[in-house]
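Asker: Given chain H, work out where chain Z with the ligands should sit, using these hints.
Here are the chains, one letter per residue:
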Amino acid sequence: MSSTATVGDLVSQPYKYGFVTDIETEKIAKGLDEDVVRLISAKKQEPAFLLDFRLRAYRQWLQMQEPDWAALGFPAINYQNIIYYAAPKQQEKKSSLDEVDPKLLETFEKLGIPISEQKRLSNVAVDAVFDSVSIATTYKEKLAEHGVIFCSISEAVKEHPELIERYLGTVVPSNDNFFAALNSAVFSDGSFVFIPRGVECPMELSTYFRINSGDTGQFERTLIVAEEGASVSYLEGCTAPMFDTNQLHAAVVELVVLDDASIKYSTVQNWYAGDENGVGGIYNFVTKRGQCRGDRSRISWTQVETGSAITWKYPSCVLQGADSVGEFYSVALTNNRQQADTGTKMVHVGPRTRSTIVSKGISAGHSANSYRGLVQVGPKAIGARNFSQCDSMLIGDHAAANTYPYIRCQQPEARIEHEASTSRISADQLFYLQSRGIGFEEAVSMMVSGFCRDVFNQLPMEFAAEADKLLALKLEGSVG
Amino acid sequence: MIRPDAPVLLEIRDLRASVDEQPILKGVNLMIRAGEIHAVMGRNGSGKSTLSKVLAGHPAYSVTGGSVLYRGEDLLALEPEQRARIGLFLGFQYPIEIPGVSNLEFLRVATNGRRLAQGQEELDTFAFEDLVRERLQVVQMDPAFLERSVNEGFSGGEKKRNEILQMALLEPLVAILDETDSGLDIDALRIVAGGVNHLAGPDNATLLITHYQRLLDVITPDFVHVMAAGRILRTGGKELALELEDRGYDWVDEELASLEAGEAARTPLEVA
Ligand SMILES: Nc1ncnc2c1ncn2[C@@H]1O[C@H](COP(=O)(O)OP(=O)(O)OP(=O)(O)O)[C@@H](O)[C@H]1O
Ligand SMILES: [Mg+2]
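So the protein sequences, as listed, match chains H and Z.
Quick note: the first sequence, position 128, residue 128 per the working numbering, numbers continuous.
Quick note: the second sequence, position 216, residue 216 per the working numbering, numbers continuous.
To be clear, the hints were calculated from the coordinates, so they are not data collected in a lab.
Please read all numbers here as calculations on a predicted model, not as lab measurements.
All C-beta atoms in this analysis are idealised placements derived from N, C-alpha and C, irrespective of residue type, glycine included.
It is possible that part of the hints are untrue.
Said to hold, decoys possible - Label pairs and their computed distance ranges (CB to CB):
no.	chain 1	residue 1	chain 2	residue 2	range
1	Z	45	H	277	38 to 48 Å
2	Z	144	H	383	57 to 67 Å
3	H	441	Z	20	49 to 59 Å
4	H	398	Z	120	41 to 51 Å
5	H	441	Z	212	38 to 48 Å
So that you can see chain H by itself, here it is in the shape it has in the complex (with noise of 0.2 Å):
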């Protein structure tokens, strides 16, 4: 008989971003106290607020216990075996692209993300952050002529402490959870973006989170701003080199929007997953939370899942505005012994706020894949509405799929509908696709991105195809 696959031993397609790049680092010694977190502070010559900040986050995060609701199970992190900041041997951010290391930029071309002048992506600008810093930020001016500011945090706390004492921490104030307040006390950069009122963002910004060393933690901080009647849209990417180690990644992004503002905030995150025996792969555990503080605000977050070892993350929405909207499209994609439990909050403030959720989960291979959201209605969002459609798709006979939606309502007259669902890729249906001449790689692709389509149809476009090519190359050996 021919090769062809039986659902279950397609090969994984190796990792493609594996790659360690080879350069100096500048590294802390492993642990944390409260000196590690000054002196990550006073490396980035912080003003006294931020300082203040970052340790009364410690202080509260002593007190605090890893979460322990989540479907997940992995050995206990020990947190005085990471190494809170690594940078690269670079002195200062440099004016000119030319003075970046060339390495750092090859790396980012490597992955696909040309930073160099000559070869930018034409209509995004690109903040590249290697380890704990940015290394460089793409079409600064132009977004400048335009008022946006777009540049790495410990810049923006430098050129406008005043917008980040304003915003940082209101929207997942230090204490919100274990991880957040391990970031609010440690974080080391991530972007700033701040659209000013009126003024919709000429580009799609993006940002490039790359981990290269392999007993660093990352734990990056991103902080968007969009005042009265702005608007952006945001895409981030992320990779890491493979390791037989676990790295945590912890990070905490906060949206704020204003009067009739909207953020539309993409991810596309393709952290090393461990290999096919679950041995190494990043520890993902994220906070991410937008606030719609003015009316007719909207928000809206697009995910495509498929890295990390394990994902714990819940994209969130707090409606305050009266008419706000939010939105969050998803797809979570795990294979091997990949773990992933996320979902969304939809917090129902304002009167006749509306949410969204798409969830479409895929597990393959051994892996487990939990969709967990919450859709919270307090008593003055009168006419609050809610949609959720909560899909799982599952590939071979090992994987796991489960949905935890909790509704929480105090507004009797709320519209709240949920649909969920469950299929499997069968080999019947593979073997009719591959009889009328379809590949098997493509018939598979051909069912996963149909699956997927109600999401992918929310990523700018620049990006779309490639969701497609990632997923198809993801599940490249779990049917068969």
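Answerer: Frame of chain H; chain Z with the ligands shown alone:
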């Protein structure tokens, strides 16, 4: 149409196949030349669908012996998609539903794969729309079916028409139609049979698996084969089907029993 000098499209020799170690095909022999229409009949469970799926390359069946040549080439060495691209077509007894995959997109990708293999250029979406609308008429199908997911929620008869639409687009050289007639109402049977006749020509061949003479009234077979217990027990002309209609399959049991007794008696001798 029988032409002894027509090229051989498919040659099955002593084909044996099993599923989960359980032998199902026990030595099938069959030769099909261009221009011919063959009918395979036989009791439920005699192995007709298994034969068709083994030919198409279904991964659940393992070939344990024998050979299949497709225009002189080893068919069994090819992946299912390669077999399809070079012109083998299987119309499924139970067409599969594929939610989320648009029928139109599916038909386009399939058609283009076949075209590329034949050295023709791929059709863009517009050119394909034109082609598919033309071929829809072969089966008198509503264009609305193009917008739906592959077979999803199609009625039994609609699924069968969709199979023939695929056949009309792929223009196979050897089409195996597994009970395409079952589940069709009288009008649909006429339409589908008309489609098959329309597509049959001197350069291709059709293998019809069916239980009913009413299909063979509209599509006249050149050969009728009776399958039993995983092999072809008897081959005849179209009159064999009429005989079956008349006599049923009881005689098959007798013939099979004596065949198997003969084999059992022979085996030890051969060993010795
Ligand atoms: N995947 C399978 N697993 C187990 N048994 C199978 C499988 N496929 C076929 N068989 C068995 O092989 C035998 C032949 O089945 P097949 O479907 O080929 O019969 P058929 O001649 O097409 O019958 P029908 O006229 O009812 O369609 C049956 O006994 C069937 O149960
Ligand atoms: Mg059958």
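Asker: With reference to the structure, classify each hint as holding or not holding.
Answerer: Tested hints:
1. Distance hint check: the CB atoms of residue 45 of chain Z and residue 277 of chain H are about 43 Å apart, consistent with the given range 38 to 48 Å.
2. Roughly 37 Å separates the CB atoms of residue 144 of chain Z and residue 383 of chain H, a value that falls outside the hinted 57 to 67 Å.
3. Separation of residue 441 of chain H from residue 20 of chain Z is about 26 Å and departs from the stated range, judged on CB atoms against 49 to 59 Å.
4. Between residue 398 of chain H and residue 120 of chain Z the beta carbon distance is about 42 Å. The supplied range of 41 to 51 Å therefore holds.
5. The hinted window of 38 to 48 Å between residue 441 of chain H and residue 212 of chain Z holds, with their beta carbons roughly 39 Å apart.
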